[in-house]
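**Q** Sequence:
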Amino acid sequence: MPGTLYLVATPIGNLGDMSLRAVDILRSVDIIACEDTRHSRKLLNHFSISGKLVSYHEHNEDTRSSELIEKLTAGSSVAVISDAGTPGICDPAFRVVQAAIAAGIGIVPVPGPVAFVAGVVASGLATDSIFFGGFLPSKKGERRKRLAEISEIPATLVLYETPHRLAKSLVDCLEVLGDRSAAIARELTKLHEEYARGSLSALAARYLAENVKGEIVIVIDRPGSQSTVAPRATIADHIRSLVARGLDPKAALKMAAKDFGISKSEAYRQVLSEKET
21 MPGTLYLVAT
31 PIGNLGDMSL
41 RAVDILRSVD
51 IIACEDTRHS
61 RKLLNHFSIS
71 GKLVSYHEHN
81 EDTRSSELIE
91 KLTAGSSVAV
101 ISDAGTPGIC
111 DPAFRVVQAA
121 IAAGIGIVPV
131 PGPVAFVAGV
141 VASGLATDSI
151 FFGGFLPSKK
161 GERRKRLAEI
171 SEIPATLVLY
181 ETPHRLAKSL
191 VDCLEVLGDR
201 SAAIARELTK
211 LHEEYARGSL
221 SALAARYLAE
231 NVKGEIVIVI
241 DRPGSQSTVA
251 PRATIADHIR
261 SLVARGLDPK
271 AALKMAAKDF
281 GISKSEAYRQ
291 VLSEKET
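Heads up, the numbering used here is the position in the sequence shown plus 20, with the first residue counted as 1.
Incorrect hints may have been included.
[Said to hold, decoys possible] Derived Cβ-Cβ restraints for the label pairs, each shown as a range:
no. : residue 1 : residue 2 : range
1   : 67        : 173       : 35 to 41 Å
2   : 217       : 244       : 17 to 23 Å
3   : 127       : 229       : 15 to 21 Å
4   : 67        : 142       : 22 to 28 Å
5   : 159       : 70        : 42 to 48 Å
6   : 127       : 215       : 47 to 53 Å
7   : 70        : 148       : 42 to 48 Å
8   : 257       : 58        : 28 to 34 Å
Honestly, the hints are just simulated from the structure, not real lab data. Beta carbons are placed, not taken as given, at the ideal position from N, Cα and C, and that holds for glycine.
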């Protein structure tokens with residue numbers, strides 16, 4: 021009789037978030053497949069779990085998936101864990117799930133922490149409809165293309181980002197999506213857990229001037245949430261405001277034109293006209 025494939029969520033920081041069920045499952049299975057055996061051994065030792073560890077990550081997923089399916093077919097029970105959070109979320113666990121389904125093997129999820137869920141529920145933004153986009157592309161052109169693709173989705177956007185790309189990504193979010201309300205959640209459940217909430221322009225200005233570390237979740241309000249420009253404000257006033265928040269003049273001109281609903285060339289014409297009056 022085939023064994024069972026368990027997908028076991030582990031803490032994203034605070035070890036107190038490890039569920040009793042997760043501990044019981046990991047103690048009972050024959051094999052525990054993980055991203056980094058050294059990292060996971062520390063977690064298992066903390067909970068006195070001595071199961072057999074094998075590596076399962078993006079560089080060996082095809083070979084390892086076949087090996088795990090063979091073990092499962094022979095009757096062994098296997099648990100898959102990630103370095104942090106729920107396996108299958110931005111890691112290769114979905115491939116062994118696909119193979120297990122094809123082989124007729126039972127799959128049991130053992131729920132627990134998920135960073136993007138923790139980030140969005142504490143963001144203060146609406147949670148009735150959520151779009152999780154994973155990590156944004158590392159290259160600017162591809163990143164902006166991806167943002168354009170998801171810009172009109174009628175849901176709160178939730179993304180992962182690395183510390184060294186955060187500021188650049190926020191600027192791209194601002195220019196492509198508009199100046200929406202947003203939140204940054206960093207180091208969730210850990211000692212230095214931090215939330216920053218505000219407009220994309222304010223957050224972009226902050227992180228252009230601030231170096232950050234740790235895992236990061238970006239939460240962005242849905243379309244139509246752009247900050248409004250007061251009727252009495254001129255486009256030049258708005259550009260100055262955006263520059264004061266940290267945008268370079270070209271980006272500020274483009275953003276202001278979008279906020280005023282006019283072309284960039286028309287915005288530039290109005291700025292020149294205001295200077296002449």
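**Q** Taking the hints in turn, state whether each one holds.
**A** Evaluation of the provided hints:
For the pair residue 67 and residue 173, the supplied restraint of 35 to 41 Å holds, since their beta-carbon distance comes to about 39 Å. Between residue 217 and residue 244 the beta carbons are some 18 Å apart, a value that agrees with the proposed interval 17 to 23 Å. Distance hint for residue 127 and residue 229: a CB-CB separation of about 46 Å, inconsistent with the stated range 15 to 21 Å. For the hinted restraint 22 to 28 Å between residue 67 and residue 142, the CB-CB distance of approximately 26 Å keeps it satisfied.
About 44 Å separates the C-beta atoms of residue 159 and residue 70, a value consistent with the hinted range of 42 to 48 Å. A C-beta distance of roughly 34 Å is found between residue 127 and residue 215, which places it outside the suggested range of 47 to 53 Å. The supplied range of 42 to 48 Å is met by residue 70 and residue 148, whose beta-carbon atoms lie about 44 Å from each other. About 56 Å separates the C-beta atoms of residue 257 and residue 58, a value inconsistent with the hinted range of 28 to 34 Å.
In this structure, the hints that do not hold are numbers 3, 6, 8, in rising order.
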